[in-house]
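Chemist: Quick mapping for you: the protein sequence lines, in order, are chains A and B. Residue numbering for the first sequence is 37 to 443, as defined by the working numbering. Residue numbering for the second sequence is 37 to 443, as defined by the working numbering.
Just so you know, these hints were derived from the structure itself, not from any lab. Be a bit skeptical, because a hint or two may be false.
When chains are identical, the list treats them as one kind, so a pair holds in a single copy or across two.
Heads up, simulated BS3-like pairs for lysine-lysine below, C-alpha to C-alpha not over 30 Å straight-line [what the hints assert, rightly or not]:
no., residue 1, residue 2
1, K244, K436
2, K62, K417
3, K417, K321
4, K96, K417
5, K60, K373
6, K384, K121
7, K38, K373
8, K97, K417
9, K163, K389
10, K293, K305
11, K128, K389
12, K328, K244
13, K373, K251
14, K436, K305
15, K389, K436
16, K373, K97
17, K321, K38
18, K204, K239
Number of protein chains: 2
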Amino acid sequence: MKAVSGGVTAAKGFEAAGVEAGIKYKERKDMAAIYSRKPCVLAGTFTSNVVKAAPVMWDKKIVEESPFGQAVIINAGIANACTGKEGYDYCKQTAIRAAEAFGVPENSVLVASTGVIGMQLPIERIKAGVDKLADAKSDTIEAGTQAAKAIMTTDTRSKEVAVEIDVKGVKVTLGGMSKGSGMIHPNMCTMLAFVTSDAVISKELLTKAVKEDVKDTFNMISVDGDTSTNDTLLVMANGMAGNSEIKEGTPEYGVFKEALHYVNETLAKMMAGDGEGATALFETKVIHATTKEDARILSKAVICSSLTKAAIYGHDANWGRILCALGYSGVMFDPEKIALYFESKAGKVLIYKDGVAADYSEEEAGRILSEPYVSVIVDMKMGNETATAWGCDLTYDYVKINADYRS
Amino acid sequence: MKAVSGGVTAAKGFEAAGVEAGIKYKERKDMAAIYSRKPCVLAGTFTSNVVKAAPVMWDKKIVEESPFGQAVIINAGIANACTGKEGYDYCKQTAIRAAEAFGVPENSVLVASTGVIGMQLPIERIKAGVDKLADAKSDTIEAGTQAAKAIMTTDTRSKEVAVEIDVKGVKVTLGGMSKGSGMIHPNMCTMLAFVTSDAVISKELLTKAVKEDVKDTFNMISVDGDTSTNDTLLVMANGMAGNSEIKEGTPEYGVFKEALHYVNETLAKMMAGDGEGATALFETKVIHATTKEDARILSKAVICSSLTKAAIYGHDANWGRILCALGYSGVMFDPEKIALYFESKAGKVLIYKDGVAADYSEEEAGRILSEPYVSVIVDMKMGNETATAWGCDLTYDYVKINADYRS
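The following block holds chain A by itself, in its conformation from the complex (with noise of 0.2 Å):
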């Protein structure tokens, strides 16, 4: 597996554009497109919110219907959430003008929408950005990059990622793109994440790799706990590596899958370390844990939890505040048993075990939570499972952002 540079356009065969369509930002692009010269199978996961956006209830019935996808429109600025009947018909106007303007079926169209709840699209503008997408789409890295901004909201920076792996002598390309600032933003931020490959790949095997892998992956950040609305996550093959197709239970399938986890992690990654506010990338991770759900489950307690979110923000080894968030988390242990330890570029520093703070400096502590991506390591010496959690920390611009009034 080889990181390569660019994201969307990568792998073979795939174009993208980002356009200013005025849709509620001005003097910036905010409308983006995916388009593939094949056909791609499809595998997507969405938001479980009881509320879903437009958007995702029409991608959730193309990846279960349709045979394949071949193109994405995605805006910036208005999330198309609880906007009724209205909202939905947008979704069908939308893959109507993109099915004419890009050459493809209407049921091979997907869309996405990040950004307010509640208001309606500007469906002109919208049909506009469409043809302006389609003549802009080319499959420069260039045009992956103004994809990938043209979907920002309050992110800081734009995010892809891209990677090569070896198909029994065949180069297969896997890219994508994303935009936070978390899963878990219903306002402003939404989770959109796309992941292209020209693999040759069953569309069942694509979404047996795909839902397995976003349980470590993008189901293990978390900004602010708010689960949104149109949290999407699209992953399109179309094949054109030309690679013998990838098997479950081959080598091949093993490969294939370590490059969907980095891809997925990558991505996941920098949006919680780009959360809204953030100064930091936090990140959790929880070993020798007794079940892979304990260890999921843990982990995700203490990058949740605000007090600690506060305490990384404020560089102190409160190490407290961590402990008293994994004995809430659900999951059984004894307090006396385990330990937990500080790590960044700076070091790594063990601050608690059998039952009481360790013998350390917090001022060597404190140099180790200076750095832009802490860990903590908390070894819960239980049994042989291991996982990650990403979020970021909290701070006043967090607020600042989320409190319209105050800012």
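Got chain A sorted already, so can you dock chain B onto it with the hints?
Modeler: Just chain B, lined up with the frame of chain A:
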């Protein structure tokens, strides 16, 4: 039922005190005692956190095994949590000293602590504090207030309430005090609440009443979702009112439960409204839910949502965030059927129905949300069950209080 002035000393035979013991704070009272002239039946509920502070373990044992309780010793500044055997031994030493100083059996002494996790108590200062408390104790209203002030940490106001009821012609009083600023603060704050009564009631019935009532009072508040290691509610009844014993299934038990509910709810709301950094008490009332449990889950999801809390701070009528929180609560419902209202002293406004925004004035909604006590009413239109939860807004000061280095 009649509200009266005072707190833990309102009921007959109860004394209290607050003194400066120099535990951690300077020039303020930081130790408190509650003492009953006669032995009390006891009921208690404690944190569900796996990581339990030493005083929680001590008190659970006393409540379960002792025939009665007669004194409570409380300190602020240090939580005595994650302090191992030494910490538990300090609870015992405190009880022994209090038994001597107050002239009560050792196994009738309860202890409670709130403050920083992981630090050992300065036990000699605690012991000296116990002696001072025994000297200072008094049955005046002022003595109760001094105790309520001494147990504060980041609280900005002391919290007391008292109420009188009539039990077959005999006046029975219930009084209480608490500190916050939530359930829910493992470092500087912990929920501690103490309720005293002169009622004649059995331990079994008192325990039943308390366990039922906390589901709708203390367990329905949240400041930041972090369940403390020290949360403690103790209810003591010394029987000195001389009423005929309150029995289950009688009108008198109904009156007693109503009074207990009033005391608990008042203390709980005071804690939520004085959450760390809070500028407003934020209430969510769910009506017409299918089950009581659904109503509780839905209302708590809204008051726990960081984005909704930030919107309340911003006086922003962001109903999308509320709908989103209801949607990820785990309760199934049809978003097209429910209705949302904002309400405060300044008025009431319908903001969402039939799946889309209602026709309301942003200005009016902003005026309603500018009050220090604001409510969201969620009409599920599914059944007949109701629940209310209380939280507070998420502010810059919450971050400031909890990110030491930055403040």
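Chemist: Tell me the hint numbers this structure goes against, listed in increasing order.
Modeler: Violated hints (numbers, rising): 1, 2, 7; every other hint is consistent with the structure.
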